[in-house]
Amino acid sequence: MKGTNTKDFTSSLDVNNITTSFLDDKNKLPLVISPRFDDSLQFLCQWLEANRSWVEEQMLAHGAVLIRGFQIDTAPEFEQAIYSLQPNLNDCYRGTSPRSVFEGTKYMFSAADVPVNFPIGQHLEMSFLKCPPKQLYFGCLKESNSGGGETSLCDFRKVYQDLDPALRHKFEAKKVCYSRTHGKIGDKWTVDVGAMLSWAQMFGTSDRQEVESICKEEDAPEVQWVGPNKDTFFQEWKDDACQHHPITNEKVWFNHAQVFHWSTFPAELFYAFSRIRDVRFLLRSIIIAIVAVIKFCLLGHRMALDIRFGDGSPISFSEMNKVRRAVHKNMVFSTWRKGDILCIDNFSTSHGRQPTYDFGRKVLVAWSNPHDKTSTRAFPSIDKISKDSIDKLKKSCSSLFDDKHVPGAIEATPNPSPDSTLSGEEAQELKDLLIYQGNEEDQASKGPNNRHTSCPSFSLERMFS
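Using the working numbering, you'd call the opening residue of the sequence shown number 144 and step up by one each time.
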């Protein structure tokens with residue numbers, strides 16, 4: 144594919160030098176970009192840089208773009224390709240899972256330094272922060288060779304629409320209350336992923352005053368030092384359960400309930416069993432469910448990263464099951480292939496990790512600069528943009544939904560001269576919005592430090608229903 148006969152084709156970097164498709168004829172998530180003539184890293188980097196705006200438009204329209212079939216073998220090569228698409232990468236991590244940077248890179252991190260047989264529920268990266276990253280970029284160094292291991296996707300705009308209206312209204316009216324607790328040293332023997340991350344690792348320092356200064360600079364909630372030695376990091380704050388997409392103005396389910404709730408781990412293990420039929424997931428889900436009931440219901444402990452309604456009342460098990468049903472209904476699974484790059488619009492499309500017993504699986508991640516999730520308030524013309532420019536964008540990509548089926552995909556190569564597209568001025572306005580950082584707003588008032596213990600009634604039968 145990389146022979147010299149392709150020179151005449153690769154001299155042009157327009158969109159006709161790649162092919163686009165979908166993984167199947169049912170889900171339009173993600174859009175798949177594959178090489179047509181040249182699968183080299185050099186061509187991919189040049190093509191991504193030349194077509195950066197077009198790729199971002201596809202991420203906006205579809206939620207995610209999967210770049211597949213190019214010759215990418217190492218973490219530095221992933222960084223080179225991703226940086227060609229997104230030069231505004233960020234290495235500041237305030238998330239929930241332990242991560243480590245890959246040697247020879249600045250922005251390529253392990254997706255999660257937790258055992259690969261731990262499920263990670265669907266979430267928008269760092270959605271509990273005021274300024275989450277706008278986009279995520281995953282790369283596959285080694286795929287899973289056994290069942291599971293996918294980085295699943297889910298359109299959280301659809302989750303918002305499919306959620307039970309009464310429950311959605313309750314979340315929007317009460318909001319949510321987050322709390323996070325990190326020791327100076329992370330726990331090793333635990334099924335609570337958040338407890339594995341120490342505050343020293345999260346902030347890159349063991350100086351408590353420096354941690355407090357960092358939080359003030361980032362307009363984060365006030366830090367409290369708790370525990371017998373006053374060396375345990377604690378924060379608590381209220382947040383909206385839903386947000387408007389900063390470009391399209393669509394309502395998005397925008398919180399970490401399906402990750403921070405105590406019932407998530409056993410419930411997601413059982414979901415993995417229902418998909419893969421690996422009895423090991425079933426056995427673990429039963430054992431961990433029993434442990435979770437004892438620890439969080441009977442003994443009144445709280446997760447290291449905990450979520451409740453904004454008034455401090457617990458989110459019940461049945462309410463979380465309704466959320467999970469809406470999420471599972473809209474999940475999409477794609478088996479990793481080595482060299483894959485998965486580009487995600489973090490303000491509309493969630494990701495998660497399906498558990499596997501293939502411990503050789505290796506996936507890396509990078510993320511773009513943060514974006515103020517409340518910044519739609521700063522755009523006086525957002526309605527015009529979402530109705531006019533975005534409609535034109537979707538119309539210009541309408542051929543993506545009408546092409547003939549080919550083996551394993553739906554051909555969706557765009558017309559080089561579409562009948563309808565964004566004007567230069569509109570494209571620039573859209574680009575400005577995509578990179579807009581947003582002005583800092585006053586921090587929302589903090590909720591009281593309600594650390595009472597309460598837990599809804601629980602049964603294993605309901606867990607597995």
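Hints should not be assumed to be uniformly reliable.
What follows is a set of in silico ranges between Cβ atoms, one per label pair, in the way DEER data are often shown [said to hold, decoys possible]: (1) Pro308 x Glu360: 18 to 24 Å; (2) Ala316 x Leu425: 26 to 32 Å; (3) Ser289 x Asp167: 49 to 55 Å; (4) Lys285 x Arg420: 32 to 38 Å; (5) Val366 x Asn392: 32 to 38 Å.
List time: in silico BS3-like cross-link candidates among lysine-lysine, alpha-carbon distance up to 27 Å [claimed, not checked]: (6) Lys327 x Lys373; (7) Lys301 x Lys359; (8) Lys373 x Lys171; (9) Lys327 x Lys285; (10) Lys481 x Lys317; (11) Lys171 x Lys505; (12) Lys465 x Lys318; (13) Lys373 x Lys301; (14) Lys327 x Lys249; (15) Lys394 x Lys285; (16) Lys301 x Lys472; (17) Lys472 x Lys318; (18) Lys331 x Lys505; (19) Lys249 x Lys171; (20) Lys327 x Lys359; (21) Lys318 x Lys438; (22) Lys327 x Lys438; (23) Lys465 x Lys285; (24) Lys171 x Lys301.
Don't read these hints as lab results, they were simulated from the structure. C-beta atoms are modelled at their ideal positions from N, C-alpha and C, and glycine is treated no differently.
To see whether the hints hold, each was checked on the structure:
| no. | hint | verdict |
| --- | --- | --- |
| 1 | Pro308 x Glu360: 18 to 24 Å | violated, 40 Å |
| 2 | Ala316 x Leu425: 26 to 32 Å | violated, 37 Å |
| 3 | Ser289 x Asp167: 49 to 55 Å | violated, 22 Å |
| 4 | Lys285 x Arg420: 32 to 38 Å | violated, 24 Å |
| 5 | Val366 x Asn392: 32 to 38 Å | holds, 34 Å |
| 6 | Lys327 x Lys373 | holds, 10 Å |
| 7 | Lys301 x Lys359 | violated, 35 Å |
| 8 | Lys373 x Lys171 | violated, 50 Å |
| 9 | Lys327 x Lys285 | violated, 32 Å |
| 10 | Lys481 x Lys317 | violated, 44 Å |
| 11 | Lys171 x Lys505 | holds, 26 Å |
| 12 | Lys465 x Lys318 | holds, 17 Å |
| 13 | Lys373 x Lys301 | violated, 43 Å |
| 14 | Lys327 x Lys249 | holds, 25 Å |
| 15 | Lys394 x Lys285 | violated, 36 Å |
| 16 | Lys301 x Lys472 | holds, 9 Å |
| 17 | Lys472 x Lys318 | holds, 24 Å |
| 18 | Lys331 x Lys505 | holds, 20 Å |
| 19 | Lys249 x Lys171 | violated, 32 Å |
| 20 | Lys327 x Lys359 | holds, 19 Å |
| 21 | Lys318 x Lys438 | holds, 26 Å |
| 22 | Lys327 x Lys438 | holds, 22 Å |
| 23 | Lys465 x Lys285 | violated, 34 Å |
| 24 | Lys171 x Lys301 | holds, 13 Å |
Violation of the numbered hints given earlier is confined to hints 1, 2, 3, 4, 7, 8, 9, 10, 13, 15, 19, 23; the remaining hints are satisfied by the structure.
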